[in-house]
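Start from the sequences, fold in the hints, and give me the full structure.
Residue numbers (my numbering): 111 to 403.
Be aware that one or more of the hints could be misleading.
Stated by the list, open to error - Each computed EDC-like pair below joins lysine to aspartate or glutamate, with the alpha-carbon atoms no more than 16 Å apart:
hint, residue 1, residue 2
1, K193, D339
2, K126, E113
3, K193, D385
4, K193, E113
5, K193, D256
6, K193, D148
Worth flagging that the hints you see were computed from the coordinates, not collected in a lab.
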Amino acid sequence: MSELIQAALQASTATKDVLIGRGVLGRVPAAFTRAFGDRAAVVVGDERTMAVAGRAVHDALVEAGVRVLDPYVFPGDPELYAKYENAEVLRDALAGLDAVVVAVGAGTLNDLAKRACGELGRPYAVVGTAASMDGYTAFGASIAVDGYKQTLDCPAPTLAVADLDVMAAAPQVMTASGYGDLLGKLPAGADWLVADAVGAEAVDPGVWDLVQGPLRHALSRPEALAAGDVDAVGELAEGLVMSGLSMQAYHGSRPASGSEHLFSHLWEMEGHGVDVTPRRLSHGFKVAVGSVA
111 MSELIQAALQ
121 ASTATKDVLI
131 GRGVLGRVPA
141 AFTRAFGDRA
151 AVVVGDERTM
161 AVAGRAVHDA
171 LVEAGVRVLD
181 PYVFPGDPEL
191 YAKYENAEVL
201 RDALAGLDAV
211 VVAVGAGTLN
221 DLAKRACGEL
231 GRPYAVVGTA
241 ASMDGYTAFG
251 ASIAVDGYKQ
261 TLDCPAPTLA
271 VADLDVMAAA
281 PQVMTASGYG
291 DLLGKLPAGA
301 DWLVADAVGA
311 EAVDPGVWDL
321 VQGPLRHALS
331 RPEALAAGDV
341 DAVGELAEGL
351 VMSGLSMQAY
361 HGSRPASGSE
371 HLFSHLWEME
381 GHGVDVTPRR
391 LSHGFKVAVG
401 SVA
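So this is what it looks like as structure tokens:
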């Protein structure tokens, strides 16, 4: 764990531990026990993410002696969507279980688990499978309600894990989405400077450094990211994790969201790109377009 992440965790409201590195799936059981004691675990994923990492996480927990319930697995096809009905289905399935959710997936699964656990008043952990967005360590879940995307209130995970071998093997389009989401921190930072200059919202230097400090470096190797370079993906993943933690530290989205996100939110409320196949237009792509608009 980098010094920046350690510093960010000191100020976070919910997330207490972050694991980033190669081959860290095997360290999930120890981190789970540190975070949740002797509570049981239940892995939540879909058929795709279970094959990528979910089954490995489940088996590692079992082998380490953690009490593990049967996984809850969404279908892999059609592509899972973060709509409120799916959060309700998951919430209802979990309601009778005395176990901590370990969500294995990217933005959609993280948001569904975050909202379901938030409604149940339970902590959860997430194992990210792609460096595709900064929501892993952020509070709030982007959920479609009556067809319109909204940010619903719910706490961030207690534990977040990013295995870089898994993330580097994710579809290139997902890594590109994460790059677009992180790119949005440039105009977001500029907006914050303007807000500070006109006396609307002062810059918090400590929180500013959490996002803007590693930002240029994390964005500096797009070609390596496109090639699936593990080190470059690690830098991107750390930047995205720092972005989410900064919002916890600030108790608001200002450090990581500005006018570029207004474009994205508008398009998401309109359902733009929801029907695109084989993969929906991602939040990160919309943020990237908003960043240059």
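Consistency of the hints with the structure:
1. K193 - D339: Violated, at about 33 Å.
2. K126 - E113: 14 Å, holds
3. K193 - D385: Given that 16 Å is the threshold and the Cα spacing comes to 14 Å, the pair holds.
4. K193 - E113: 36 Å, violated
5. K193 - D256: Holds - the C-alpha atoms of D256 and K193 are around 8 Å apart, at most 16 Å.
6. K193 - D148: 32 Å, violated
The structure does not agree with the numbered hints 1, 4 and 6 stated previously, though it agrees with the rest.
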